[in-house]
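Protein chains in written order, with this note's numbering: chain A, 1 to 195; chain B, 1001 to 1207.
Accuracy of the hints is not assured; some may be wrong.
[To be verified] Dumping the calculated BS3-like pairs for lysine-lysine here, alpha-carbon to alpha-carbon at most 25 Å:
1) B:Lys1162 / A:Lys12
2) B:Lys1017 / A:Lys160
3) A:Lys172 / A:Lys160
[As the list claims (entries may be wrong)] From the structure, some residues in chain A lie toward chain B, with a derived Cβ separation under 10 Å:
4) Leu9
5) Ala14
6) Trp26
7) Val37
8) Pro44
9) Ala47
10) Asp49
11) Val50
12) Gln52
13) Met56
14) Phe59
15) Arg60
16) Phe135
17) Ala168
18) Lys171
19) Leu177
Don't read these hints as lab results, they were simulated from the structure.
For every residue, glycine included, the Cβ atom is placed at its ideal position computed from N, Cα and C.
Residues per chain are reported as follows:
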Amino acid sequence: MSEMPIDQLDLKRAIAGDERAMQRLWSQHAPHIDAVVRRLCGDPELAADVSQEVWMQIFRALPSYRGDSQFGTWAHRIAVNRTLNALRKIRRLAKLEVDIEDDSAMVEMDSDRTFLAESIEQAMTKLSPGARAVFVLHDIEGYTHGEIGEELGITPGGSKSQLFKARAKLKKLLANLMDESTTVAGKGKAHVAPV
Amino acid sequence: MSHLSEDQLDHLIAEEKARPQPPLNDWRTIAARARDEGLIRETSSPGWVSSQSWMQAAAAVLLLVGGIAIGRTTIGLPSATQNPASVPAENVATTPTSAAAAPQSPSSATASFASLEEASATLDRAVEDYRRATEFLAANNSSGRPGDSAAMYSARLVALDKVFNATESALQAAPHDPVINQYYLATMGARAATRQMVARPVVLRGF
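Only chain B is shown next, with the shape it has when bound in the complex (with noise of 0.2 Å):
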C-alpha cells in the first residue's frame, strides 16, 4: 500500500490553499437577510432620492463630458462638443469620436429612465465605461507630441493626487454626496491612468 510523503502532501496543501474559491452565496441572498436585519439601511428620503439621482446623473455627464474633452484636446483632436452637456454618456465613454459626431439633445441621456434603479445601473456602468475607456486611451495612444513627457505625467499625478486626497476628505464629511462621489471615483481612475503613463518608459499620450 503506497502513501504520499510528507513533502507530496504539503504540496497538495499548497496547491490547496492556492485554489481560488467561489463565494459560497451571491450578494443578493447576503443583502436579502442584511436588510431583514435592518443592517442595510435605505438613508434616502424620497425626495432626496430624486434630488441625487438628478445629480448623480447631472455629474456623470459633466465629467464624462469634460474628461474627453480634456482627452481629446491633450491628443489633438478637434473638439467634440459645441454643446457638451448634449453627449450622452454611455456613447462617449465607449466611442469618443461617434459621440462627438452626433450630439443628441440635453434631455437625452436621461429621459429614457423608467426607474431611479435603472439610472443607477446606467451611471455606474457610465463611470465604469468613462475609467476603461481613459485607461485604455492612456496605455494605447501613441502619437507624440512634444509636450509629453515623464514630468508632465508626474506633474499630474502630483494634481491628481492632491484632488484625490480633497475628494477623499470631502467624503469624511458628506459621505454620500452623490457629486463628490463621482469627482471621487473619476479621480480614481485618472490617477491609476496616470500612474501607468508615469510607469511606461515610453511616451504615451492620450489621457
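Just chain A, with the same shape it has in the complex (with noise of 0.2 Å):
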C-alpha cells in the first residue's frame, strides 16, 4: 500500500493534543482503517464503535510511533488488533479452530436457505467471522498465512484452509454476479446460490 508521508509536524501537534493535527490524521488514514475495521465487523453498526475504539488506541499510542513503518501501516495494525480482539470479547471469533474443522460453520444460517450475494462485501457478512478474518487479512489486506496465524492464534496452514473453504463459499454466494456478467445485463434477475 502505497500512501502519503505522514507530516511529521502534524505528528508532533497531534500527540501534543491539537485537535486539527488529530483531525488531519484521522482524514487521511480513517477511509483504509475503517474499511478493514468494517470488513471485519461484517456488521455496520458494530464497526462504528470499534472504529471508534481504535481511532482512541491510535492517539493514545501515537507517542509511541517511531517512524519504523508508514504511519499508515502502523495504524492499520491497530486496527486489524483492536478490532480481533473486540470480536473476541463479543465471542464472535471464539471458536476460529471449530469452524476450520466445520463447514457448516463456514457460513451463517439463512433462515430461508438461500441468499443473493449482490457484491462480495455482502456475502463476506454470510462467512463466519473466523473464515471472514482470514479472507479479509489475506486476499483484501495482503497478510501472509503467517501473520494471520499470529493475529488469530491458529497455525498457516489452518489459516490457508479457512481461506480455500472461504473463497470457494464466496465463488457459491456470488455465482449470480458471473450469470449477471455472462448473460444479458438482466437486473433483478433472481439467480439463487444455494447455501
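Join the two chains into one complex using the hints; note that each chain is given alone, in its own frame.
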C-alpha cells in the first residue's frame, strides 16, 4: 500500500493534543482504517463502535510511533488488533479452530437457505467471523498466512485451509454475479446461490 | 450450479479493495471521545486565545492583502488599495476586483465576529479561498508579459521553497504561533500554484 508520508509536524501536534492535527491524521487514514474494521466486523453498527475504539487507541499510542514503518501501516496493525480483540470479546471469534474443521460453520445460517449476494461485501457477511477474518486479512489486506496465524492464534496451515474454504463459499455466493456478467445484463434476475 | 472462477473472484476482490468507503464515524464523534479521554488538550489560556485570535486575524489580512497586491502587480493591474489593511479577507480572496473597488474600514473584517470559533472558522475559509484564488489565477490568467518566463517561475519556486523551509523550521520551535502558521500555510499554497506554473508548457501569469 502506498501512502503519503505523514506530516511530522502534524504528528508532533497530535501528540501534544492539537485537535486539528489529529483530525488531519484521521481524515487521511480513516478511509483505509475504517474499511478494514468494517470488513472484519461485517456489521456496520458494530464496526462504527469498534472504529471509535480503534481511533482512541491510535491516538493513545501516537507517542510510541517511531516511524519504523509507514504511519498507515502502523495504524492498520492497531486497527486489526483492536478489531480482532473486540470480536473475541463478543465471542465472534471464540471458536475459530472449530470453524476450520466444521464446514457448516463457514456460512452463518440463513433461515430460508437461499441468499443472493449482490456484492463481495455482502457475501462476506455470510462467512463465519473466523473465515471472514482470514479472507479479509489475506486476500484484501495482503497479510501472509504466518501473520494471520499470529493474529488469530492459529497455524499457517489452518489459515490456508480457512482461506480455501472461504473462497469456495464466496464463489458459490457470488455465482449470480457471474451469470449477470455472462448473459444479458438483467437486473433483478432472481438467481439463487444455494448455501 | 454455476460458480465464479478463481479469476472472477480475484477480479471482484480487486474491485472491493479499490472501492472507496466513507469513514464509519464523523470527526465530531471521535473528537468528543478524545476530549473525554484528555487526548485533545486545550493548550491556550483565555488571554492567549484572545491574543491568538487577534494575531490570526491580523496575519490573515496581512497575507491576503499582500498576496493580492503581489498578484495584481504581477498581472499588471492597478494597485487595489490605498489602505491595504482595509480589504475584507473573504471578499479579497474570492472577488479581488470588487474588493479592491470597495475598501472598508479596518475594523469591519473582525468586528462582526460573535465568537472565537466563528472568527477561527472565517479565518480557515479565508485562507482556503486565498489558496484557491491564487491557484485559479495561476492557472487561468494568460495575459502574457515579456518578463514572464519559466526561469522566473523556477526562481520563484526556489524562493518559496526557502520560505517554506524557514517557516517549517520555525514551527518546530513554535508550533502554535499563529503568524508563523499563516505564513506556512500561505507559502504552501503559493508553492503549489508556482509548481503548476513551472510544469505548464505555456507562459501563464497572475500569481
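Can you give the numbers of the hints that this structure goes against, from lowest to highest? Every hint satisfied by this model.
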